[in-house]
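Chemist: Taking the hints into account, I'd like the entire structure generated from these sequences.
2 protein chains.
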Amino acid sequence: MTSIHAQSEASLWRDLAPLMEPKSVAVIGASQRAPAAGVVREPRGNRVIRNLRNFNYPGRIVAVNPKYSEVMDCPCYPDLASIPEPPDCVVLAVPNRHVPDLLESAAAAGVRAGVVFSAGFAEIGVEGKQRQARLEALSKEHDFLICGPNCYGVLNVFRRAPLFASLIPQGFLAGPVALVSQSGGLSTTIANALMLNRHVGLSHIVSCGNQAGVTVEEYLNYFVEDENTGVVAAFVEGFKQPTKLMAVARKAMAHNKPLIILKGGRSDVSQRAAATHSGSLAGTAEVIDAAFRQGGIVHVRSLNELIDTVSLFSCDTFVKRYNGGRRIGVLSGSGGECTLVSDAAMNVGLEVPELSEDSKARLPEVLPDFGNLNNPLDGTGAMYDDDKIFPRLLQALIDDANIDIVTVNLEANDPRPKELKSGTRFSRAIANAAAPANKPIAIFSSIVGGPVDPDILLPLRTAGVPLMEGAECAMSALRHLADYHQFRKSWQASRQKEAVAVLSHPKLPAGILPAEAAFRLLDSFGIPVVPTLLACNAEDAATTSERIGFPVALKVESAQITHKSDVGGVALNLASPSEVRATFTQIKNQVTTQNPSAEIAGIVVQRMAPEGIEMILGIKRDPLFGPVIVCGFGGILVEILKDVAIGIPPVSREQAHSLLTGLRGWPLLTGIRGKPPADVDALCDAIVKVSNLALSLGEQLLALDINPLVVHENNHGVAAVDALVQIG
Amino acid sequence: MTSIHAQSEASLWRDLAPLMEPKSVAVIGASQRAPAAGVVREPRGNRVIRNLRNFNYPGRIVAVNPKYSEVMDCPCYPDLASIPEPPDCVVLAVPNRHVPDLLESAAAAGVRAGVVFSAGFAEIGVEGKQRQARLEALSKEHDFLICGPNCYGVLNVFRRAPLFASLIPQGFLAGPVALVSQSGGLSTTIANALMLNRHVGLSHIVSCGNQAGVTVEEYLNYFVEDENTGVVAAFVEGFKQPTKLMAVARKAMAHNKPLIILKGGRSDVSQRAAATHSGSLAGTAEVIDAAFRQGGIVHVRSLNELIDTVSLFSCDTFVKRYNGGRRIGVLSGSGGECTLVSDAAMNVGLEVPELSEDSKARLPEVLPDFGNLNNPLDGTGAMYDDDKIFPRLLQALIDDANIDIVTVNLEANDPRPKELKSGTRFSRAIANAAAPANKPIAIFSSIVGGPVDPDILLPLRTAGVPLMEGAECAMSALRHLADYHQFRKSWQASRQKEAVAVLSHPKLPAGILPAEAAFRLLDSFGIPVVPTLLACNAEDAATTSERIGFPVALKVESAQITHKSDVGGVALNLASPSEVRATFTQIKNQVTTQNPSAEIAGIVVQRMAPEGIEMILGIKRDPLFGPVIVCGFGGILVEILKDVAIGIPPVSREQAHSLLTGLRGWPLLTGIRGKPPADVDALCDAIVKVSNLALSLGEQLLALDINPLVVHENNHGVAAVDALVQIG
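Chains as they are written, first to last, in this note's numbering: chain A, 1 to 728; chain B, 1001 to 1728.
Derived by calculation from the structure, the hints in this document are not laboratory data.
Treat the hints with care, since some could be wrong.
Here are the simulated lysine to any residue pairs, SDA-like style, with alpha carbons at most 20 Å apart [stated by the list, open to error]: (1) B:Lys1418 with A:Gly171; (2) B:Lys1421 with A:Asn192; (3) A:Lys642 with B:Gly1662; (4) B:Lys1642 with A:Arg664; (5) A:Lys675 with B:Gly1635; (6) A:Lys421 with B:Arg1050; (7) A:Lys564 with A:Val530; (8) B:Lys1418 with A:Pro86; (9) A:Lys23 with A:Asp73; (10) B:Lys1240 with B:Glu1286.
Fair warning: this is a prediction, and the values are worked out from it, not measured in the lab.
Modeler: Next up, the structure:
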């Protein structure tokens, strides 16, 4: 037996410097042909050189093109081998059919990385898949770093290295956010929205397309280690390396660099779309959800939620002032918005508490005629008419001890002409109040959309006040921040206990394990089972029954029979040796009559378990993540409502507990309808031990299904009553 | 007994013309004082006059102010009585304390309507509530129409009558959408977003505030009857007249004028906020949901969903070309967006079918090098580089027989400088294709937010192609359209059967009805019950048992005992007369010992019902809607998951059926785990009869709780086993 999980995390990662921080670049596919009238049609190779110039790239740029000796003032060579010193990275702006040969010759010439823009690889038919296979082999066998194919490439802002297919004008906003998106189009859409609609700066943009070489997980790791990056954002269609994903989540948590990820491909249709587009396996939605939850990854559900969550998390002043609480104060000039934002806050589990008694006493002193003393605080038309009112209301929320986060409803995106708007006045007041405040302040508009006024946006962002659009997105983003804060706190507390030492298990015979062997396996991992033994004849059964205690159940054991009760192979509640003896014979006869060909290995004798809450606990194989723990309530909750919790091994006791509290049926375990609370501790323990079993058995375990696992009342433990173990 | 529901619907409604189409207006609160530097601070009265001028109001405008003989070139009178001919409507831009007196004098002077801007009524303390009570009395007793208080007033675009507190510049976009919002601020926010971000024109804007006089329901009715209005949008915090709401929903359906409503105030906090702000009762969220569903009201969940749903429904060409199907085709230049929009479509239940075989065969003919033949159709970078590709792909979707609605992902809100954008090119191609198309086409952006490019928006809207922002909102809006279409179709089909004739029921004694009386009541409405009779002595019980058939249950009957089994007052499964006799005596003794003070009216004999699915069916009183039907499954589904369907009486058989299919536990009725399907017909019938009971008993019925109603297998009916009826 060898200890698993001993692999050093450092050995997981490659050095991405030749791709992300190249000291020299060769561009293949740039030409002297003058750019066409529409800028969009300039060849991609030329666009890359233009981008490098716009960013003042400090490294060496060469072009490769047999037709010219120079392109856009760069030296141009007929082929890669002719370049005097091999560049770190080659950018391929050429049709897909040329790509594999070119990359292979680049690797041979000593180049260490390549960016491939063109589509037509794993996302299309057989030919494309073969092309992609050559890239994957090159990446693996020669440790050659490939970004793409089917992508826009990489842009390292602080290293001034934009190996990027889409034209990026000067005046790019640098900042702490690193972005990776498989999709090229969305990478720029997200980046532009962050920079121009939120004034959020970027450290990197990576569009990684089909991930034939470097994977999303590797970029995430690079960002987490990057000194210029504080927040990592991603749009992902399919992960390729789930182990690395979980590892980078742990590392991000240790560095306090939040990973904020939008994962597409939840539906069958979108999985079809993702497979077409990027050739990735999208992974089961529920398992991805579970992995994100377990890793403390901020899981956003739409592009706008991504943008506003990033807007919030990347606002340093805001985050530093945040105390982890979930009580928000709201100031608005619209009573209607007070109602809507309250709904939105409740929806995501934030609190909108009443104002403190202190505020209620002090507000009338500074605003004698102002009637409203509520949270949300409705400034009414009065705050538009009288310049004194707004700052005093805002200060009251900042000073209120009941409030953790102050939010102000401000239409920074009013589409009307400037002279009709009043937002600038309020934004000045907010910026003034924010400077000396010790509490985080954010603004949100009622509606999402419309031109964001830079005169409002920039001064506020500079003052540490992030903008979000729409109450729903704003409340979701704040909830993510609160969740992240809470996760990190409990992660820090539980860090010492984290070490999981699991020994690998010897190989088991393939197929469905016989009941006795299955129960022995569970027992060997410390999972409580009802006593279960195989008897070969009636006398043996009677003796065994006496040993394990009455009442007992008898269940026929035969590899050919799956539905035992359908063939009369099960008898319950047998109370005496004579009853057991008679029933043994009866079962054997009945089964033989109905299934003459079935080989009967014997009959299992099992002590009847006392009643309790029937749950299911098991292990399933996810196509991406491999073995995952599945837990839920038996009966209609799982059958009709699919109320199932999923954990990615290793699962700790704390994680097991939070899996259970996440079940809709959770109140059943806490004791409802006058019933005593169930033994949740023992249940958590069983989940942890099933997780250990999953890790120990590794790939040989195809499925485990304990159904039911009976959970008794508190201090009375749990017991597996039926178990199916499938070995591959 | 008198027939209810005979009231003519016409008699429900008042004529709002003096308020909505006034021939003359008096403004109180305009002044000669020059407007201050900031336009926002101009007195509201002056703003109203300015608005009337901007709109070329054709009626007479006078001002009322004892200080001047004219204001802004209008004749000015010292008081209302001095105006030679009383105006139709008076606009009050004065502090709240003057409002009641002024309105009462206006009514006395023959004025028929008033608009009250000021706050400080029911939304604040005692004094405000008294002020509002005077307005409500005036409205009721003198049929005086009041808009507000605490509002921005009314704006009738086609009558050029803006009695509106917020300044509305010239160039207002007239169109088919009427908007009512209690909130003033949100009324203009919504209207501006519709006009400027969606190019959707408006017929009216009403901000009705506290609804002291005219209610939201009355404005909705006015809009439904208005010839210039085709679509009605509303943001409502609290309804006041649920009967009128249901009536206007029916009328809107008959006129095919969709009601699209955002209802705030779902949470406790927001109900607190709404009560503060507009003094309305927000109503139970679940009952509102049920009422909207039953009335075919389009129920949107956010301001952006409101805006995009209105954008879609108000696009005449789109709606006319729509066939009612749910199969969407998507064209995008971003594979990532193809994934996201597929997720969004699946989330709301739209289909994204594969392309037809015909398309798959024909596309390669027009685009030989184009590999992707999927839906969503990923145009890839190719469609940016080659002008021929996009129109051909679009045409393929328009021609595809598998697709009902064509959507195009187009960034009309790209925040970058003009020279970097390529949207205009695609928008031209869409406009060209839309003209001859026989299929509805819509566009949506990936991200919500940023400046909407008028060069893209206007030509497309004119070509009948509506814009929506974000895949989520776009898919929700399309789903609403499909649902509305389907609702209206089945509403048209079932229209003939709609007549409900219910007789009012004689008064019952107050309190909890004795069991026998409760069962008799159910029986008299045709609701199946298990035979249940009261016996006064043991012999009587035995005889009764023989008559109704064994086995039977005995249950003590006493007004003082609620939990019968707790005091030994229940016995089940008695199989013979002798057992019944003995048990009768035993129960009586036991109950008397435990509850010496309880008066025992007798013991109820009830035939044991055969087993079946246990449901609950009853009537609860909602604070706003009054009696509502409640139906769900017994056990954990109702206790833990609150899985309950709500219907507003009268409930038809079709509606009863859709209540049941909406339950999460619905599969239990269709037969799962090898069980036969349940008698859903009989269950629907019972729901309709409970609805009749609710209408007949009217206000005297406080609550009805049939628990359990046992539902037997198909063709075996249902039976009420326990019933609690509370009369007030």
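Chemist: So, for every hint listed, does it hold in this structure?
Modeler: Here is how each hint holds up against the structure:
Proximity of lysine 1418 of chain B to glycine 171 of chain A is assessed by CA-CA distance (about 15 Å); at most 20 Å being required, the pair is judged to hold. Only pairs whose Cα atoms come within 20 Å are accepted, and lysine 1421 of chain B paired with asparagine 192 of chain A is accepted, the gap being roughly 12 Å. Note on lysine 642 of chain A and glycine 1662 of chain B: the hinted pairing holds, with a Cα-Cα distance of about 17 Å set against a maximum of 20 Å. With a CA separation close to 11 Å, the supplied pair lysine 1642 of chain B and arginine 664 of chain A stays within the 20 Å bound.
At most 20 Å may separate the alpha-carbon atoms for a hinted pair to count; lysine 675 of chain A and glycine 1635 of chain B meet this at roughly 14 Å. Between lysine 421 of chain A and arginine 1050 of chain B the CA atoms are separated by roughly 17 Å; this keeps the pair inside 20 Å, and the hint holds. Only pairs whose Cα atoms come within 20 Å are accepted, and lysine 564 of chain A paired with valine 530 of chain A is accepted, the gap being roughly 19 Å. A hinted pair counts as satisfied when its Cα atoms are at most 20 Å apart, and lysine 1418 of chain B with proline 86 of chain A does not qualify at roughly 39 Å.
Note on lysine 23 of chain A and aspartate 73 of chain A: the hinted pairing holds, with a Cα-Cα distance of about 18 Å set against a maximum of 20 Å. With a CA separation close to 16 Å, the supplied pair lysine 1240 of chain B and glutamate 1286 of chain B stays within the 20 Å bound.
Of the numbered hints given earlier, the model fails hint 8 alone.
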